[in-house]
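*Asks:* Input sequences plus hints: build the corresponding full structure.
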Amino acid sequence: MTQPFPPPGFIPAASAIPGIVVYAPAPEEAEAQPEIVEFKCPQCQAMTAYSVADGGLRCTYCGYYEPPARTIVGKGAQEFEFTVETMAVASQAHGWGETRQELQCQNCNARATLPPGRLTHTCPFCGSNRVLQQDAPQDALRPRFLIPFTIEADACRPIAEKWLGSSWMTPKSLKQSTVAGFTGIYLPYWTFDTVTQADWKAEVGHQETRRHYNSATKSWESHTVTVWRWESGRIRKFFDDLLVAGTARLSHVLLNQLQNYDTHALVAYEPQYLAGFLAQAYDVPLEKAWEVGREAMRADTRDACRGQASTSQIRNFSMALDFSEESWRYVLVPIYMTVFQYEGQPYQVMINGQTGAIAGQRPVDWNKVWLAVGALVAPGALLSLLGLLAIVLGVVLPPALGAAAVLLVPGIILLIIGGIIAFTIVGKARRMSDV
Amino acid sequence: MSELTGWGTEVVIAVCPHCDWRYIVPAEKATLRCPHCFSADLEPVTEGVEQLPYLRPPELVTPFTATKTVADERIEKFADGIPFAPRDLNPEALRGRVQPLYLPMWLVDGDVAATWEAEIGFNYGVVSHQERYSDGSGWATQQVQETRIRWEPRVGQLERHYDNIVAPALEQHVAMEQALGVYALDNTQPYAAGTLERALVRLPDRAPQAAWTDAAPAFQATAGEECRQAASADHIRQFRWSPAYTGQQWTLLLLPLYATYYLDDEGQPRPVLINGQSGRVYGVRRASMQRAQHTALIIVAIATVLFLLSLAAGVAGLAVPPLLAAGGIGGVIALCVGLGAIIPIVRAWQFNRRPVEIL
Numbered sequence: 357m358t359q360p361f362p363p364p365g366f367i368p369a370a371s372a373i374p375g376i377v378v379y380a381p382a383p384e385e386a387e388a389q390p391e392i393v394e395f396k397c398p399q400c401q402a403m404t405a406y407s408v409a410d411g412g413l414r415c416t417y418c419g420y421y422e423p424p425a426r427t428i429v430g431k432g433a434q435e436f437e438f439t440v441e442t443m444a445v446a447s448q449a450h451g452w453g454e455t456r457q458e459l460q461c462q463n464c465n466a467r468a469t470l471p472p473g474r475l476t477h478t479c480p481f482c483g484s485n486r487v488l489q490q491d492a493p494q495d496a497l498r499p500r501f502l503i504p505f506t507i508e509a510d511a512c513r514p515i516a517e518k519w520l521g522s523s524w525m526t527p528k529s530l531k532q533s534t535v536a537g538f539t540g541i542y543l544p545y546w547t548f549d550t551v552t553q554a555d556w557k558a559e560v561g562h563q564e565t566r567r568h569y570n571s572a573t574k575s576w577e578s579h580t581v582t583v584w585r586w587e588s589g590r591i592r593k594f595f596d597d598l599l600v601a602g603t604a605r606l607s608h609v610l611l612n613q614l615q616n617y618d619t620h621a622l623v624a625y626e627p628q629y630l631a632g633f634l635a636q637a638y639d640v641p642l643e644k645a646w647e648v649g650r651e652a653m654r655a656d657t658r659d660a661c662r663g664q665a666s667t668s669q670i671r672n673f674s675m676a677l678d679f680s681e682e683s684w685r686y687v688l689v690p691i692y693m694t695v696f697q698y699e700g701q702p703y704q705v706m707i708n709g710q711t712g713a714i715a716g717q718r719p720v721d722w723n724k725v726w727l728a729v730g731a732l733v734a735p736g737a738l739l740s741l742l743g744l745l746a747i748v749l750g751v752v753l754p755p756a757l758g759a760a761a762v763l764l765v766p767g768i769i770l771l772i773i774g775g776i777i778a779f780t781i782v783g784k785a786r787r788m789s790d791v
Numbered sequence: 059m060s061e062l063t064g065w066g067t068e069v070v071i072a073v074c075p076h077c078d079w080r081y082i083v084p085a086e087k088a089t090l091r092c093p094h095c096f097s098a099d100l101e102p103v104t105e106g107v108e109q110l111p112y113l114r115p116p117e118l119v120t121p122f123t124a125t126k127t128v129a130d131e132r133i134e135k136f137a138d139g140i141p142f143a144p145r146d147l148n149p150e151a152l153r154g155r156v157q158p159l160y161l162p163m164w165l166v167d168g169d170v171a172a173t174w175e176a177e178i179g180f181n182y183g184v185v186s187h188q189e190r191y192s193d194g195s196g197w198a199t200q201q202v203q204e205t206r207i208r209w210e211p212r213v214g215q216l217e218r219h220y221d222n223i224v225a226p227a228l229e230q231h232v233a234m235e236q237a238l239g240v241y242a243l244d245n246t247q248p249y250a251a252g253t254l255e256r257a258l259v260r261l262p263d264r265a266p267q268a269a270w271t272d273a274a275p276a277f278q279a280t281a282g283e284e285c286r287q288a289a290s291a292d293h294i295r296q297f298r299w300s301p302a303y304t305g306q307q308w309t310l311l312l313l314p315l316y317a318t319y320y321l322d323d324e325g326q327p328r329p330v331l332i333n334g335q336s337g338r339v340y341g342v343r344r345a346s347m348q349r350a351q352h353t354a355l356i357i358v359a360i361a362t363v364l365f366l367l368s369l370a371a372g373v374a375g376l377a378v379p380p381l382l383a384a385g386g387i388g389g390v391i392a393l394c395v396g397l398g399a400i401i402p403i404v405r406a407w408q409f410n411r412r413p414v415e416i417l
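Those protein sequences? They're chains A and W, same order as listed.
Mapping of the first sequence onto my numbering: residues 357 to 791, in sequence order.
Mapping of the second sequence onto my numbering: residues 59 to 417, in sequence order.
Zero decoy hints are in this set.
Covered, in the sense of this in silico footprint (three residues per stretch, anywhere, with C-beta under 8 Å from a C-beta of chain W), are these stretches of chain A:
#: 1; region: 371 to 377
#: 2; region: 645 to 658
#: 3; region: 669 to 678
If you anchor each label on the Cβ, the simulated ranges turn out as follows:
#: 4; chain 1: W; residue 1: Gln200; chain 2: A; residue 2: Asn723; range: 53 to 63 Å
#: 5; chain 1: W; residue 1: Gln200; chain 2: A; residue 2: Thr711; range: 37 to 47 Å
#: 6; chain 1: W; residue 1: Gln200; chain 2: A; residue 2: Asn570; range: 53 to 63 Å
#: 7; chain 1: A; residue 1: Trp586; chain 2: W; residue 2: Gln351; range: 52 to 62 Å
#: 8; chain 1: W; residue 1: Glu177; chain 2: A; residue 2: Pro423; range: 34 to 44 Å
It is worth saying that the hints were derived from the structure and are not from the lab.
In this text, a Cβ means the ideal position worked out from N, Cα and C, and glycines have one as well.
*Replies:* Right under this line is the structure:
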């Protein structure tokens with residue numbers, strides 16, 4: 357049986373020479389989707405939403421379930437090179453974050469303006485959910501993969517309550533029930549793979565003990581000297597799926613605490629995953645994010661180079677570092693967010709939608725903190741004070757000098773230890789409330 | 059002696075009894091020395107002529123554009139700079155033995171209809187980074203661009219006419235091409251009877267049927283390159299096709315060269331070939347170890363005489379003390395001269411270790 361010609365999947369292409377016909381593979385079907393994808397239950401016409409528990413679309417009214425075309429691609433998810441064209445596009449198009457988009461609800465005809473970066477929106481008037489599809493210029497850098505939510509929204513509250521109660525610094529009056537209303541949102545992230553190869557050299561210090569004869573004391577004495585020797589080496593490191601946040605609107609301190617996403621769970625992008633959730637487009641462009649990623653990679657590689665030296669005493673360190681096999685992905689990762697009010701101040705809390713890790717701001721009862729600081733510093737201060745008094749007393753009553761030493765030495769030690777712990781507590785308290 | 063017609067002049071077939079090369083030779087030159095091995099005189103072929111692959115005259119000739127003057131200059135350069143050159147390796151001898159010669163080559167024209175498939179490659183730029191760090195100045199970043207190839211599959215159909223696809227008419231064609239370079243085919247002329255007035259013609263030892271095994275891959279290579287151009291690609295690989303050939307036209311083309319030789323130490327002829335179109339010279343340049351040894355012996359003899367004179371001066375020095383110093387100095391000089399005898403041998407040996415030069 358003869359093979360058909362051209363083979364299936366090939367279409368005519370331009371030919372620059374008469375007499376030669378060229379067929380090229382048909383381009384992958386553009387994942388062109390309607391401007392708005394409506395998720396309506398085929399049974400009761402109610403709105404459906406992505407169910408974290410079921411892993412598909414679920415109608416909350418009649419229970420209808422529609423599994424998504426779930427394609428777990430994990431770390432095999434397609435990666436893209438830093439082509440000249442990509443970088444040019446990335447430097448011009450800033451994703452969906454640049455322009456505001458207007459959404460017209462197909463259900464109640466209400467108009468809502470989406471803030472920059474929001475891909476999905478639930479109509480605030482009728483609860484209709486719609487997924488907004490990006491338009492052509494933005495297609496070049498749109499997310500191709502995402503990590504679906506595995507933590508249900510209902511699970512966020514107990515996680516947050518446990519977290520709030522985990523610190524003695526929070527005020528008693530803080531009602532744990534105030535932390536509610538978590539909103540699921542897909543955040544933009546860039547993942548980077550690369551291989552770094554670095555050649556380094558440095559002077560490395562080695563401690564050597566030397567003996568010499570002291571003619572004055574007529575004895576042998578020893579002293580330690582640092583001998584500097586040049587060392588060099590080579591490091592090759594592979595970075596796999598280094599995550600860099602594609603949003604500048606959220607605290608990177610908090611995001612870094614939640615960044616333990618497992619990219620083995622990456623799935624191909626399907627609008628169903630976003631149904632019922634908000635999604636944000638990137639506002640940190642690829643080039644900027646790649647700078648951040650490179651900075652982390654080169655610091656890591658430099659540390660690895662320094663770790664290769666035979667001792668930790670290093671000077672005149674230099675290295676040449678080459679990046680190769682660089683690739684990137686634009687992905688969406690799940691996060692729950694909420695903002696709760698305490699004494700008129702807003703506090704932000706985030707929960708990793710995949711692992712349940714939590715980070716956020718918590719109000720601090722500074723009275724408790726200062727009380728603890730006082731309790732820590734007081735014993736040392738008291739003993740030191742008594743020691744000083746004993747010294748003064750020793751002027752007229754010499755035996756008191758012995759007691760002064762007994763009081764002053766541990767007093768100062770306790771004061772130093774207490775001061776360090778107090779400093780740490782104050783710093784932690786400041787970080788809790790001020791991120 | 060076999061007489062042939064169609065060549066426009068009276069020619070015969072002659073064979074070298076030493077290397078078995080067969081030639082078409084003007085009847086009056088039938089006893090020339092073989093311009094291939096220069097080891098024997100040609101002998102006219104009288105029997106079995108009908109079994110030879112191809113005896114018809116050629117259609118095309120590439121003329122000698124490297125004139126005799128150019129050839130002489132190249133010979134001069136070839137013979138120059140050889141330490142202890144064999145006595146026979148001199149420009150006069152080489153020039154005196156120059157024999158113009160034509161080598162045969164097939165050109166095939168034909169129509170091809172085929173389906174094909176290949177992977178074609180497009181160049182694209184990738185941005186990468188190189189970084190330098192030092193404790194004093196921190197990080198310095200340099201952006202670099204690399205060119206990579208994106209490979210994509212293509213299939214197609216082809217209906218093309220190809221001209222002048224080269225196919226060897228000699229078993230030694232590839233070796234001769236490596237030695238003399240590729241001939242340009244843009245200056246060919248129709249064969250004329252006068253072509254043989256001053257040159258011999260090597261007879262093909264491969265008929266078109268035998269040469270087709272080399273012509274077919276040449277057709278494929280040409281078609282592959284055209285398919286690359288048709289797809290506007292930068293590269294092509296794994297080109298496969300299913301061709302159907304029609305209308306094949308075979309043309310015999312003669313390629314010009316000059317052949318000469320010199321005799322080495324053992325009296326064996328060493329051929330020197332000159333491309334009759336480009337003037338490129340191919341030949342083995344060898345120093346004469348015999349001459350080097352002879353020179354070394356002369357030096358040794360001089361050293362011996364000096365040594366004996368020094369010895370005599372030394373003996374005389376017993377009676378006349380100042381001569382003792384002269385004897386000592388003479389002895390040292392004799393030793394130095396004697397050691398210098400190794401130089402000619404080492405020089406010739408080193409020269410002969412060099413790979414074959416193409417000038």
